[in-house]
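Okay, here's what each chain looks like letter by letter:
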Amino acid sequence: MRDIIFKRIITLILPFIQVYGFYVIFHGQISPGGSFAGGIIVALGIIAYATAFGAEEGRAVLPEKVTTWAESYGTLWYALLGMVGIVKGGPFLANRLAGIDLGVPGTLSSGGLIALLGIGVGIRVASTMVTLFFTMLEEEV
Amino acid sequence: MGFSMVDYGNMAMLIILAASALTVYFIRDLLHAVIVYGVFSLIMAVIWLQMNSPDLAITEAAAGVATTVLMMLVIFRTSRREE
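Chains A and B, in that order, are what the protein sequence lines are. Numbering follows the numbering used here, with no gaps: position 34 of the first sequence is 34. Numbering follows the numbering used here, with no gaps: position 38 of the second sequence is 1038.
Calculated from the structure, these hints are not laboratory results. From a predicted model like this one, the values you see are computed outputs, not experimental measurements. Hints are not guaranteed to be accurate.
Cβ-to-Cβ under 7 Å is the rule here; a few derived chain A residues that face chain B [stated by the list, open to error]:
#	residue
1	Ile30
2	Gly33
3	Phe36
4	Ala37
5	Ile40
6	Ile41
7	Leu44
8	Gly111
9	Met129
Listed next, the in silico SDA-like pairs over lysine to any residue satisfying Cα-Cα at most 20 Å (straight line) [said to hold, decoys possible]:
#	chain 1	residue 1	chain 2	residue 2
10	A	Lys7	A	Ala48
11	A	Lys7	B	Ile1015
12	A	Lys7	A	Ile17
13	A	Lys65	A	Ile17
14	A	Lys7	B	Tyr1037
15	A	Lys88	A	Asp101
Backbone N, C-alpha and C define an ideal beta-carbon position, used for all residues, glycine too.
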């Protein structure tokens, strides 16, 4: 599995995988996709890198401390953004009821809080998939 | 019975979907089961797209690849291919 062709091709297409994943995350409110699918695509890029270069090099890209941090604070970010609605006097996760200007429909900034929520969910899903991969790779059987 | 070509394509895909799902259940070799599950995931993604749901199609394609990779990894880690 560790031959030069595989490594070179992974190195060439990895930036495109990552950019596409972040594109799907950031455009989740106006186009198909969303933070869950985009997070999995971002994680698949890192999984491909770890498959080509070995578990240690893959872990060096995304250490365990970073994935733990991203999982915890991604969830906390979601909860805090949900609390904005309660603080403004609406229900949990309120968007328009909380008095946020939604802008012109169809443009990138028309989602209100949804775009910010998507970033948290995307980071959280990506780090969860990477953690799952490395747990199955490193666990003693 | 006025079926168009798209209808026949959808019927064929649904039949392949059911056949691959049954194959995953009844097959003995776990590696072969993972490969057939990849077929199931691909056909399911195309069916979501046919049903005007590109959102779920992207998610199914991405999640199908991810779970296939993870299951194949576990099979090669344990090197136990018979269930």
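| field | Violated constraints from the hint list, given by number and in increasing order | value | Of the numbered hints given earlier, those the structure breaks are 1, 8, 11, 13, 14, listed in rising order.
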